[in-house]
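Number of protein chains: 4
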Amino acid sequence: MDIGFIGLGEMGAAMVANMLKAGHSVRVWNRSPDKAQPLVELGAQIVGSPAEAFTGDAVFSMLADDAALRDVISAPLLEHAPRGLIHVNMATISVALAEELATAHAGRGLNYVAAPVMGRPDVAAAAKLTIVAAGPAEAIDRVQLVFDSIGQKTWRIGSLPQQANVVKLAANFMLASAVESLGEASALLGGHGVAMQDFLDVITNSVFPGPVYQGYGKMIAEQRYEPALFKARLGLKDVRLALAAAESVSTPLPVASVVRDSLIEAVAHGDGEKDFAVLGQVASRRAGR
Amino acid sequence: MDIGFIGLGEMGAAMVANMLKAGHSVRVWNRSPDKAQPLVELGAQIVGSPAEAFTGDAVFSMLADDAALRDVISAPLLEHAPRGLIHVNMATISVALAEELATAHAGRGLNYVAAPVMGRPDVAAAAKLTIVAAGPAEAIDRVQLVFDSIGQKTWRIGSLPQQANVVKLAANFMLASAVESLGEASALLGGHGVAMQDFLDVITNSVFPGPVYQGYGKMIAEQRYEPALFKARLGLKDVRLALAAAESVSTPLPVASVVRDSLIEAVAHGDGEKDFAVLGQVASRRAGR
Amino acid sequence: MDIGFIGLGEMGAAMVANMLKAGHSVRVWNRSPDKAQPLVELGAQIVGSPAEAFTGDAVFSMLADDAALRDVISAPLLEHAPRGLIHVNMATISVALAEELATAHAGRGLNYVAAPVMGRPDVAAAAKLTIVAAGPAEAIDRVQLVFDSIGQKTWRIGSLPQQANVVKLAANFMLASAVESLGEASALLGGHGVAMQDFLDVITNSVFPGPVYQGYGKMIAEQRYEPALFKARLGLKDVRLALAAAESVSTPLPVASVVRDSLIEAVAHGDGEKDFAVLGQVASRRAGR
Amino acid sequence: MDIGFIGLGEMGAAMVANMLKAGHSVRVWNRSPDKAQPLVELGAQIVGSPAEAFTGDAVFSMLADDAALRDVISAPLLEHAPRGLIHVNMATISVALAEELATAHAGRGLNYVAAPVMGRPDVAAAAKLTIVAAGPAEAIDRVQLVFDSIGQKTWRIGSLPQQANVVKLAANFMLASAVESLGEASALLGGHGVAMQDFLDVITNSVFPGPVYQGYGKMIAEQRYEPALFKARLGLKDVRLALAAAESVSTPLPVASVVRDSLIEAVAHGDGEKDFAVLGQVASRRAGR
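Protein chains in written order, with numbering that gives the first Met the number 0: chain A, 0 to 288; chain B, 0 to 288; chain C, 0 to 288; chain D, 0 to 288.
These aren't lab readings, by the way, just hints derived from the structure by calculation. From a predicted model like this one, the values you see are computed outputs, not experimental measurements. Just so it is clear, CB atoms sit at the ideal spot from N, CA and C, and this is done for glycine as well. Accuracy of the hints is not assured; some may be wrong.
To be verified - Here are the simulated distance ranges between beta carbons:
| hint | chain 1 | residue 1 | chain 2 | residue 2 | range |
| --- | --- | --- | --- | --- | --- |
| 1 | C | R69 | A | E40 | 43 to 49 Å |
| 2 | C | K217 | D | P81 | 43 to 49 Å |
| 3 | A | G269 | C | A74 | 44 to 50 Å |
Build out the structure end to end from the sequences listed, making use of the hints.
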């Protein structure tokens, strides 16, 4: 396919590389153009503006947050895009902005698909992302081959794009909640002289298998929060987005409120750039340890 | 081995059956003697008092809670038990009582091992329990063969018996926390018209594999909380024990506090005997759904 | 003084009336002009645009929220205002917007004073408001006479305008926290058959005198939440602003998080327009009563 | 009246002194007899056992907590007390124990009145206590003159003794909640460079008059937590009792849960013996200040 791609951070660059490998033609744009260079060797074409990326069969975007997206996706940009173009937004953004973008695109005859992904840069590089897609079914059908080039599985959630964002935010909330609970458990165990790793051995070999409990649990057990796989500051951002998505449908999320407070406490102690497993340190500090 | 066994609830009866199958000789006692009858056919010997169970190589106990244990394990009982007897307590009890029992046994020349188990009655029947043991290492060595007859794996945690109880309570806290989070996520998703089962498909096939997210998640998705695998009332008891164990070492557990409040709310609405996945209903009710 | 006034809700209208009574000359503007008519009889001059209000010695604004303020206070408006003009913003707005406005005004040679008030419309009508002012001291000096015409006391907080907003938000947080606690206490007392009014008699005649515990407490005791003195929906807005102000300086406010969840629950049950003493009902509902 | 009095801590000793001044005859007993000596000079008669205090018209008790009370008020003691004796328990104890004592007394033909007091030792010394009484009305009538000698006002709550304990615990919960909120507000204000004392001036002169906001607020403003008027450790005890009283009637108290966590954090940092205004320090520490 003839694809545009906007946003070449670690995740975006890995996706583009896999799209190219699969034979797609990709025009790339990034605010800092140097990020695009390595992709040129793989066959990408650098363009000078987001508008030039907003052409062809579909354009994908992977920007950092709501603000970055608002800076790029302007009304004039949409106005000049070819009717029928599919915009696939893979970033984790607010549900409110997703709704707003869906309306803005539809009003200009464009297709808007939300397709946030689960998986970190190493997973993206391996083309093993989990893709959560929502929006017009036929639009998703048309980009499915591209999804297949970057992910191992695409889950279709619904016809409203923002529903995919809700799923992503709910998943990240679950993640944050599990890490906070691991942190609290660690403080409890430490108080009684039990090694966190012993506890992890028990639960990851029985009720809690899987990468979350093993991976973040290990960081907490070793009190080693760098290098960060998922920064506390970004975890806080996502919990905030989950709380906002919930408030918009009048839904309290008491555990998310607790995790938000704990992440703020981590940031307050200068740990915002550390892995959000640093919640284990927050819990221990409260216990005076 | 020549074993006594006290407490023939669903879990205890399943354990005894497996001990008998493995060739151990078991004297059983239960407050309501009729529970013991089916085990006689498998070879168990019914005794008329806890004291008669407190003889032989080792005695195992599996009683409902602290109160039931205090009723049975009296000072005179310990006084008359043969020196060197190993008492293996497999129930989920408070850390405070475990400490107290460890001291009381040691003072009378008895060995006290705490070995709470993870797994429900069906797992117990299949002899697939996860056993978490703590106490004097040689005492655990001596009963290891019995553990092998009822469980698939024994994890040794430390030399202080109560440390095994801390691990069990921390694991149940993690469980309760995961279910509360699933409930909250369900309310968030419902508010945006996303099917809980779709969300579960995504997370259980990626970041959250395993029985907890699948099993309890499904009950929440189907809003079906009976028959109860783990009752809300008992979940509340365990969270309370985790909070007490944490308070005894001056450790706040904010997520446990939230879960406690939610479980109290479930009980207040008459759902104490339902599965504690009913936390999903609590979260939805708060959202007016 | 020659004053402009923007925003003639219940609070604004009462303030203008008192300013006129004190002999000040007031040009008024409101989005819906009919609100201005009753003030004309008291001597006010209606103007056709915010810009016409932004002249003279000082302009006061009392708009509903951040959005309403952003709609009115545009860059061109500030550009055309006379240098040295004092803008006194009496609304409860976000700390972030207050900072932004302070910078925008200063950059154009205008004085920006934040002067949120404490007291409801009846207090405003009686010219008994408590005024919390922050900003350039000499600017506050120059409008002190106007403050004296509408309030019983002006508290000066600091030289940064947003500091007055922080004080207002912190006070409203305290208020919301007290009402939530009253609601929880009410649920506890009700569970034991104690009349809430008996409890209120005890505490308001001893440790908790004052209007908050008496007034909101009485509404909870009588389960009568209309007419609303302070709507739950607006209470939620203010708690949200307090949480945002706290997050901007990395400060967790766990009680505010709890109150936020309770207010969302009230809104979810259709009680957003009721007095925020309806928190008592939220607490009772959780207890199944 | 002919009175017995058990428990001569600071509060108890001050009460006895005022009873003696009012002309009552008082037999006193304390575990450490030296505490009783100063009262002998005022006319008290020291007795050698609780049983000797449990005679006459009425016996008052003012012991530290549930455990201290259980040690003294034994079944034999009640068995040997004269029928019709009134036992007035003024201590802050659990609702569960109050119920148990009410039943135990009634079963032996004794009257049990719960009459916890509000006010610290200086208030007790000035005979200005607020007394919250519940139990059989005629029994309270008969000791009213004694109440009048130590308090400024007796509030009658209901016919079930434990109801007075519920009121006391709810009041202390309100107190703890107000102090926690003050602490959080202080952290918020500090983050924005606003002096806590300026904030206190505003709120104590408007919405929050009274000793709680002034007194504890001042300690937080001055970050001076010693000498303790009400120790954090004891505040934690009372919040725990309030949570237990609420759980017994299936009532969640989310703010109490938060305050409990904060007080545990204070204790964890070695501040259990400081005034519970140290909650201000807990809130600031979380914010990294």
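Status of the hints after comparison with the structure:
1. C:R69 x A:E40: 43 to 49 Å: Check passed, 47 Å falls within 43 to 49 Å.
2. C:K217 x D:P81: 43 to 49 Å: Since K217 (chain C) and P81 (chain D) have Cβ atoms about 44 Å apart, the given range 43 to 49 Å holds.
3. A:G269 x C:A74: 44 to 50 Å: With Cβ atoms ~36 Å apart, the hint is violated.
Figure legend: structure checked against the earlier numbered hints; the only hint not met is number 3.
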